[in-house]
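S.K.: From first to last, the protein sequence lines are chains A and B.
Mapped onto full-length UniProt numbering, the consecutive letters of the first sequence carry residue numbers 1 to 123.
Mapped onto full-length UniProt numbering, the consecutive letters of the second sequence carry residue numbers 1 to 123.
One or more hints might be untrue.
Stated by the list, open to error - In silico DSS-like links for lysine-lysine, alpha-carbon gap of 30 Å or less:
(1) B:Lys-76 to B:Lys-96
(2) A:Lys-97 to B:Lys-47
(3) A:Lys-76 to B:Lys-47
(4) A:Lys-76 to B:Lys-23
(5) A:Lys-96 to A:Lys-23
Claimed, not checked - Label pairs and their computed distance ranges (CB to CB):
(6) A:Thr-27 to B:Thr-102: 17 to 27 Å
(7) A:Lys-96 to B:Lys-97: 50 to 60 Å
(8) A:Ala-16 to B:Ser-91: 24 to 34 Å
(9) A:Gly-82 to B:Pro-109: 18 to 28 Å
(10) A:Asp-117 to B:Pro-99: 40 to 50 Å
(11) B:Ser-32 to A:Ser-49: 14 to 24 Å
(12) A:Gly-110 to B:Asp-80: 26 to 36 Å
(13) A:Tyr-79 to B:Thr-102: 21 to 31 Å
(14) B:Asp-93 to A:Asp-108: 39 to 49 Å
(15) B:Pro-99 to A:Gln-51: 17 to 27 Å
(16) B:Ser-91 to A:Lys-47: 17 to 27 Å
(17) B:Gly-84 to A:Val-121: 30 to 40 Å
(18) B:Gly-84 to A:Thr-81: 31 to 41 Å
(19) A:Thr-100 to B:Gly-84: 27 to 37 Å
No lab work stands behind these hints, which were simulated from the structure alone.
By construction, the Cβ of each residue, glycine as well, lies at the ideal position given by its N, Cα and C atoms.
Protein chains: 2
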Amino acid sequence: MAHAHMGGHVAADETANLIAASKVEGTSVYNSDGDSMGSIYDVMLDKSSGQVAYALMSFGGFLGMGENYHPLPWQKLHYDTGLGGYVVDESPDRLKKAPTITRDYAHDPGWSRRVNDYYGVPI
Amino acid sequence: MAHAHMGGHVAADETANLIAASKVEGTSVYNSDGDSMGSIYDVMLDKSSGQVAYALMSFGGFLGMGENYHPLPWQKLHYDTGLGGYVVDESPDRLKKAPTITRDYAHDPGWSRRVNDYYGVPI
Numbered sequence: 001m002a003h004a005h006m007g008g009h010v011a012a013d014e015t016a017n018l019i020a021a022s023k024v025e026g027t028s029v030y031n032s033d034g035d036s037m038g039s040i041y042d043v044m045l046d047k048s049s050g051q052v053a054y055a056l057m058s059f060g061g062f063l064g065m066g067e068n069y070h071p072l073p074w075q076k077l078h079y080d081t082g083l084g085g086y087v088v089d090e091s092p093d094r095l096k097k098a099p100t101i102t103r104d105y106a107h108d109p110g111w112s113r114r115v116n117d118y119y120g121v122p123i
Numbered sequence: 001m002a003h004a005h006m007g008g009h010v011a012a013d014e015t016a017n018l019i020a021a022s023k024v025e026g027t028s029v030y031n032s033d034g035d036s037m038g039s040i041y042d043v044m045l046d047k048s049s050g051q052v053a054y055a056l057m058s059f060g061g062f063l064g065m066g067e068n069y070h071p072l073p074w075q076k077l078h079y080d081t082g083l084g085g086y087v088v089d090e091s092p093d094r095l096k097k098a099p100t101i102t103r104d105y106a107h108d109p110g111w112s113r114r115v116n117d118y119y120g121v122p123i
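Please take these sequences and the hints and turn them into a complete structure.
M.R.: Written out as structure tokens, the structure reads:
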């Protein structure tokens with residue numbers, strides 16, 4: 001297993017079961033129609049459990065002050081190898097109306113409950 | 001809650017319960033004697049469960065080819081607010097001898113078992 005097999009190799013920042021957070025960042029996000037929605041800007045971890053709680057999706061372009069993110073519960077994402085990105089298990093219409101947070105999200109402690117309620121995912 | 005309270009505010013990339021992966025990266029790592037060991041270069045996520053499995057600790061300096069990381073099982077780290085970094089719950093001596101991986105770790109699929117065995121943490 002010292003050498004990668006052609007076609008079956010993985011990048012240096014992942015293994016069969018693991019992926020680097022830095023590799024997740026920048027990955028494209030699609031809705032269930034296969035339309036590109038943006039890309040993952042960062043991943044939020046639960047401090048105590050070490051569980052990935054949210055991927056923050058940005059809408060492309062430079063992230064200046066006031067720009068918004070879509071926090072996507074990790075459970076609602078699955079990786080599509082054909083698309084080479086994450087698909088959100090949510091209708092495109094509902095995804096469009098999903099809660100956003102600003103860059104200053106630390107000052108809005110209620111956002112995670114709002115987001116999970118919207119997606120129907122337990123906190 | 002639009003404005004931070006002095007002394008009680010958190011950075012924009014964390015909340016009381018959540019922290020951005022990008023914020024974990026670069027955080028200092030100490031041994032149980034309080035000696036600085038390096039800093040977190042990246043975080044490895046379990047693809048299926050979304051659980052943080054390892055923090056990859058680097059030893060400072062520029063990460064060129066051939067440089068090694070210490071993969072630290074997430075369960076062995078705790079955050080010390082006094083030190084402002086993570087402490088590894090392992091004796092400094094054992095930590096020094098802990099398994100390292102190279103940047104090409106994808107081509108060495110056995111490393112996670114080796115690391116977990118060393119630290120006595122179930123996979």
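S.K.: All hints are to be evaluated individually against the structure, with a verdict given for each.
M.R.: Taking the hints in turn, this is what the structure says about them:
Only pairs whose Cα atoms come within 30 Å are accepted, and Lys-76 of chain B paired with Lys-96 of chain B is accepted, the gap being roughly 15 Å. In summary, the hint linking Lys-97 of chain A to Lys-47 of chain B is supported, as the alpha carbons are separated by about 27 Å, within the 30 Å threshold. Straight-line distance between C-alpha atoms of Lys-76 of chain A and Lys-47 of chain B comes to about 13 Å, which keeps the hinted pair within the 30 Å bound. Of the pairs offered as hints, the one joining Lys-76 of chain A and Lys-23 of chain B holds, with about 23 Å between alpha carbons and a cut-off of 30 Å not exceeded.
A hinted pair counts as satisfied when its Cα atoms are at most 30 Å apart, and Lys-96 of chain A with Lys-23 of chain A qualifies at roughly 25 Å. Separated by about 24 Å at the C-beta atoms, Thr-27 of chain A and Thr-102 of chain B satisfy the suggested range of 17 to 27 Å. Our hint of 50 to 60 Å for Lys-96 of chain A and Lys-97 of chain B holds, since their Cβ atoms are close to 53 Å apart. For Ala-16 of chain A and Ser-91 of chain B, the Cβ-Cβ distance of about 32 Å falls inside the hinted range of 24 to 34 Å, so the restraint holds.
Between Gly-82 of chain A and Pro-109 of chain B the CB atoms are about 24 Å apart, so this pair conforms to the stated range of 18 to 28 Å. Range check, Asp-117 of chain A to Pro-99 of chain B: Cβ separation about 43 Å, and the 40 to 50 Å hint holds. Ser-32 of chain B and Ser-49 of chain A have their C-beta atoms about 23 Å apart, which keeps the hinted 14 to 24 Å range intact. For Gly-110 of chain A and Asp-80 of chain B, the Cβ-Cβ distance of about 29 Å falls inside the hinted range of 26 to 36 Å, so the restraint holds.
A beta carbon spacing of about 26 Å between Tyr-79 of chain A and Thr-102 of chain B agrees with the range 21 to 31 Å that was offered as a hint. Taking 39 to 49 Å as the suggested C-beta distance range, the pair Asp-93 of chain B and Asp-108 of chain A conforms, at roughly 45 Å. Remark: the range hint 17 to 27 Å for Pro-99 of chain B to Gln-51 of chain A is upheld by a beta-carbon distance near 25 Å. Remark: the range hint 17 to 27 Å for Ser-91 of chain B to Lys-47 of chain A is upheld by a beta-carbon distance near 25 Å.
Between Gly-84 of chain B and Val-121 of chain A the Cβ separation comes to about 32 Å, which falls inside the hinted range of 30 to 40 Å. At roughly 40 Å, the beta carbons of Gly-84 of chain B and Thr-81 of chain A sit within the given window of 31 to 41 Å. For the pair Thr-100 of chain A and Gly-84 of chain B, the beta carbons lie near 31 Å from each other, so the given range of 27 to 37 Å is met.
Of the hints listed earlier, there is not a single one the structure fails to meet.
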